[in-house]
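Chemist: In our numbering, the protein residues as written are 2 to 252.
Hints should not be assumed to be uniformly reliable.
[To be verified] List of simulated lysine-lysine pairs, DSS-like, C-alpha gap at most 25 Å:
1) K72 x K104
2) K215 x K123
3) K116 x K147
4) K215 x K116
5) K215 x K177
6) K212 x K147
7) K123 x K147
8) K215 x K84
9) K215 x K72
10) K177 x K88
11) K88 x K72
12) K84 x K72
13) K147 x K104
14) K212 x K72
Just so you know, these hints were derived from the structure itself, not from any lab.
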Amino acid sequence: ALLEAVDVVSLHLKLNGDTRGMITPADLAAMRADALLVNTSRAELIRPGALLDALAAGDLAPAELDPARRKQLLDHPGEAIRKRSRKIFEQTARESRRAVFEKLRPSLGLDANPKLGREVFKKTCATCHRAEGEGHAVAPDIETVKGRDRESLLLHLVDPNREVAPSYIVYNAILKDGRILTGIIAGETATSLELVRAEGLRDTLLRSQIKELKSTGRSLMPEEIEKNLSLQDIANLLDFIRGLGRKAERP
């Protein structure tokens, strides 16, 4: 009953035989949808697997976990828990992106102006893509997708991590001096590697500088790019992309 009434749940009870595992999936399911479960100093108070069971069942949303608790699950030393956590969080993220896609679907039926779409491209996409002499050739050549229909293009705009070619996956290079550099591996040798990020900015690192190199499994293109675009902007952008390579009047 207590968990049903609070805004923030933080557990700091003394750990003993009676309290260990006292929080069950049913307790987590009783939490309010807008409540937050913050990192606990006594993770053992939650029954093993209860968090993941509640997340998998949809009784607890990923947004209800604080970042530290989420990171604990994603970086858990137990391989089974770590893999299950990643699968659950990826699935919920995918469902969230699908809901955004459905919200933006009306853009597919709008009359579009590819000339205006070119301006949207320059403002929104040119930091990583290059087309018609504009932008930076960091991400895949955007002309390779011009043959896709509007629905497919919209889906990849909304969910850029849906399909990521291995050569365009972003890596985090954790350096021995404490810095963390991020980018796509643009080149490497036995002693060094080069990372490239938005706007074509590059970092060349000696392997001796690197403490750990970790794949994020994600694209350089950020999610939620659509937040700064109207439905008409999206329609115009999609038409511009589909028209790449065709002779057309330019402003």
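Chemist: Confirm or reject each hint.
Modeler: A quick look at each hint next to the structure:
1. For the proposed pair K72 and K104, the alpha carbon gap of about 30 Å is over 25 Å, so the pair is violated.
2. A C-alpha spacing of about 31 Å is found between K215 and K123, which places the hinted pair above 25 Å, so the restraint is violated.
3. A distance of roughly 16 Å separates the Cα atoms of K116 and K147; the hinted pair therefore holds under the 25 Å criterion.
4. Proposed proximity of K215 and K116 is contradicted: the alpha carbons are some 40 Å apart, above 25 Å.
5. A hinted pair counts as satisfied when its Cα atoms are at most 25 Å apart, and K215 with K177 qualifies at roughly 14 Å.
6. Between K212 and K147, the direct Cα distance comes to roughly 40 Å. Violation of the 25 Å bound is thereby established for this hinted pair.
7. For the proposed pair K123 and K147, the alpha carbon gap of about 16 Å is at most 25 Å, so the pair holds.
8. Among the hinted pairs, K215 with K84 is consistent with the structure: their alpha-carbon atoms are about 16 Å apart, no more than 25 Å.
9. At most 25 Å may separate the alpha-carbon atoms for a hinted pair to count; K215 and K72 meet this at roughly 15 Å.
10. At roughly 30 Å between alpha-carbon atoms, K177 and K88 are farther apart than 25 Å, so this suggested pair is violated.
11. A C-alpha spacing of about 14 Å is found between K88 and K72, which places the hinted pair at or below 25 Å, so the restraint holds.
12. With a C-alpha separation of about 13 Å, the suggested pair K84 and K72 falls inside the 25 Å cut-off, and the hint holds.
13. In summary, the hint linking K147 to K104 is supported, as the alpha carbons are separated by about 23 Å, within the 25 Å threshold.
14. With a C-alpha separation of about 20 Å, the suggested pairing of K212 with K72 holds against the 25 Å cut-off.
Comparing the model with each earlier hint shows violations of hints 1, 2, 4, 6 and 10; every other hint is respected.
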